[in-house]
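Colleague: Each chain is listed here by its residues.
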Amino acid sequence: MKELDTAGQGSIRVTRKSGNVVVLEKDLATEQMVLAMGPQHPSTHGVLKLECLTDGEVVTEAEPYLGYLHRCFEKHCENVDYPGIVPYTDRMDYLAGMNSEFAFCVAVEKLLDVEIPRRVEFIRVIVAELNRIASHLVAIGTYAIDLGAFTPFLFCFRDREHILSLLEWASGARMLYNYIWIGGLAYDVPADFPRRLKEFVDYFRPKTRELFKLLTENEIFVKRTKGIGIMPADVAINYGWSGPMLRGSGVKWDLRRNDPYSVYPELDFDVPVPDGKFSEIGDCLSRHLVRAIEMEESLNIIDQCLEKMPSSEGFDPRAAIPKRIRPKAGEVYGRAENPRGELGFYIMSDGKSTKPLRCKARSSCFVNLSAMKDLSRGQLIPDLVAIIGSIDIVLGEVDR
Amino acid sequence: MGSSINAWSDWMTGFNPMGIPLGLIILAAIPLVFIAVYALTYGVYGERKISAFMQDRLGPMEVGYWGILQTLADILKLIQKEDVVPTSADKFLFVIGPGILFVGSFLAFAVLPFSPAFIGANLNVGLFYAIGIVSIEVVGILAAGWGSNNKWSLYGAVRSVAQIVSYEIPAAIALLCGAMMAGTLDMQKITMLQSGDFGFAHFYLFQSPIAWLPFLIYFIASLAEVNRAPFDIPEAESELVAGYFTEYSGMKFAVIFLAEYGSMFMVSAIISIVFLGGWNSPLPNIGGLALNTWTSGPSWGAFWIIMKGFFFIFVQMWLRWTLPRLRVDQLMYLCWKVLTPFAFVSFVLTAIWVIYVP
Chain V
1 MKELDTAGQG SIRVTRKSGN VVVLEKDLAT EQMVLAMGPQ HPSTHGVLKL ECLTDGEVVT
61 EAEPYLGYLH RCFEKHCENV DYPGIVPYTD RMDYLAGMNS EFAFCVAVEK LLDVEIPRRV
121 EFIRVIVAEL NRIASHLVAI GTYAIDLGAF TPFLFCFRDR EHILSLLEWA SGARMLYNYI
181 WIGGLAYDVP ADFPRRLKEF VDYFRPKTRE LFKLLTENEI FVKRTKGIGI MPADVAINYG
241 WSGPMLRGSG VKWDLRRNDP YSVYPELDFD VPVPDGKFSE IGDCLSRHLV RAIEMEESLN
301 IIDQCLEKMP SSEGFDPRAA IPKRIRPKAG EVYGRAENPR GELGFYIMSD GKSTKPLRCK
361 ARSSCFVNLS AMKDLSRGQL IPDLVAIIGS IDIVLGEVDR
Chain A
1001 MGSSINAWSD WMTGFNPMGI PLGLIILAAI PLVFIAVYAL TYGVYGERKI SAFMQDRLGP
1061 MEVGYWGILQ TLADILKLIQ KEDVVPTSAD KFLFVIGPGI LFVGSFLAFA VLPFSPAFIG
1121 ANLNVGLFYA IGIVSIEVVG ILAAGWGSNN KWSLYGAVRS VAQIVSYEIP AAIALLCGAM
1181 MAGTLDMQKI TMLQSGDFGF AHFYLFQSPI AWLPFLIYFI ASLAEVNRAP FDIPEAESEL
1241 VAGYFTEYSG MKFAVIFLAE YGSMFMVSAI ISIVFLGGWN SPLPNIGGLA LNTWTSGPSW
1301 GAFWIIMKGF FFIFVQMWLR WTLPRLRVDQ LMYLCWKVLT PFAFVSFVLT AIWVIYVP
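So the sequence lines, in the order shown, correspond to chains V and A. Counting from 1, one number per residue, gives the positions in the first sequence under the working numbering. Counting from 1001, one number per residue, gives the positions in the second sequence under the working numbering.
For the record, the hints were derived by calculation from the structure and aren't laboratory data. Some hints could be false.
Listed below are several chain V residues computed to face chain A (Cβ distance under 10 Å; list not exhaustive) [as the list claims (entries may be wrong)]:
1. P42
2. S43
3. T54
4. N218
Once the Cα atoms are required to be at most 35 Å apart in a straight line, the calculated DSBU-like pairs of lysine-lysine come out as [stated by the list, open to error]:
5. K213(V) / K223(V)
6. K213(V) / K226(V)
7. K1081(A) / K49(V)
8. K213(V) / K1049(A)
9. K49(V) / K1091(A)
10. K323(V) / K110(V)
For every residue, glycine included, the Cβ atom is placed at its ideal position computed from N, Cα and C.
Go ahead and model the full structure; you've got the sequences and the hints to work with.
Modeller: Below is the structure:
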């Protein structure tokens, strides 16, 4: 036997020394294996199931299966009056409850057309930005775990703990706040809150640099994420991506800027987009970078809010809350920039009931996740994990 | 030292009252006891505490003072656990896998000179044997991964085999550099050749200007050989759930862990023997202050080699809790295109140094 070469699928042609050619009927074509990743898997961030078709380490096809955490949010809404929906929105994106409440209240207030006191608006922005930082910390920390680095995760959670205790102090809850009410707030922030918040901001600013040194600039981390899961800007827009995902692809799109709500127009902050120097535009590293830089921007926003916030003298957080929330007949789509992208609520009112006729949530994670099939084609299994992590899904919001 | 070399273990080998080779059994049991004690204290408890302090937390604090009894509680829990064998698993391979794994890492302890007076088996090809016998672990990992009949386990096993087999090459070549400087493969002799009045100055790491290269190569390759971060892809918990031991629980799981900690100490001991003088004291004699002489001897020797081993284990833990994990192809790239060529370079340079310079 001299040469061995494969002749078409499933057979070997062997050329003997004498020149005879023998074709062996042997099946060489390897079978593809179906690998069910999830719903119980450490790096699917909840109960996401990915059915992967694998050829060795290469994923040829990955199909996400959803619905393991479906809790009929939209149907519930039709049976609960407006203020009663607010706690449900907390349970959608449980890592950013304040932001979800904020989005819902923005939508309903648009329908109601009420005037919100300025202090309420500032407090809302502060708690929403705090929650954005907390959410990004979880995103970055769990992303580090996905890539095998355990310590950054705990560093992130240590810092998140400070935020959670601040929010607990303000609202009484650590994750499911029910703090932002339609037309106002549940309570004013405690008297000492601004001072403690300032302390936290001063404490946390160097920590973001520390996180950069420990994780983002780590050679192995860059190797694992740079150039992986590249999403071109036009495809990202076609998929309806939003938030850090879209900004990671180089599109400067932030609802706080592009469709301003609350007091965001008065605040000065940057919308970070990758410049393609450190990362390739649209890859996992860009999305991670956007989140990392956004945390610093949120700190800037909090600083400005603390300066501009009116004093609490004669302030009643519930003053503008309507006695009975019964909007005029009509429909509205209100949206806000969540840590994961655009969270929008489409609300329809019949004008008679105190319950919405229809409430549809446009979930950012769900839309972002829809590109999973495209992104995962032809990737290695470790890269697939890196891509899922970079999407930063919260299954509570995906399934609702 | 001289005549006292291996005195105690030689005497033990010959100790067989009533035809029972009792001495040999005790001799073999000593490393076993050592692995168990070290894995319990430094391996599990130490790693948990060290990682905890690196991560700004306290680690186990509840069981006993500062949680020192935590590992014992864990072992008790593992012993009580039901010994589950998945119905569709290949029972024979599933059961024998952890055993082979442990035997592989334990057999290498036979040739580790723990002290001037103690070595399990004084082979004249000890280093070669140590490199070779560790490869048995690959069989155990493959048996465990294949026998589990779990796709994640299979992935882990296949990755692990590819990784360990690949990394043996730079590791072996790097160790060969040390062996070349000594001119022998006998572990006890390699250690003895590094003793002297100036302590650490006699260690091979400081004996040649290029020894740091094989030292580093072996350290990196040994991390991969024992599946430690950043090369822990066979058990990458975020990708493969737990790799080849996904299906294991109870004592079988504990045995796999024991084997892992055993291997960790083994590679750390080998690197200290070949490059850092094994049981030799690193302290120099300074005039009348005979630090080296005072800190030499059979018991001091055991102290030094264990401390050196523990130091490298600490570095392994330190890396594990700092670095992310490499990808499979990057791991292979590092092995074949970086470490192996550099290992060859260091091999040639060391050869030139040994022949022409001193």
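Colleague: Compare the structure with each hint and give your call.
Modeller: Here is how each hint holds up against the structure:
| no. | hint | verdict |
| --- | --- | --- |
| 1 | P42 | holds (5 Å) |
| 2 | S43 | holds (4 Å) |
| 3 | T54 | holds (9 Å) |
| 4 | N218 | holds (6 Å) |
| 5 | K213(V) / K223(V) | holds (15 Å) |
| 6 | K213(V) / K226(V) | holds (17 Å) |
| 7 | K1081(A) / K49(V) | holds (30 Å) |
| 8 | K213(V) / K1049(A) | holds (24 Å) |
| 9 | K49(V) / K1091(A) | holds (29 Å) |
| 10 | K323(V) / K110(V) | holds (17 Å) |
The structure shown violates none of the earlier numbered hints.
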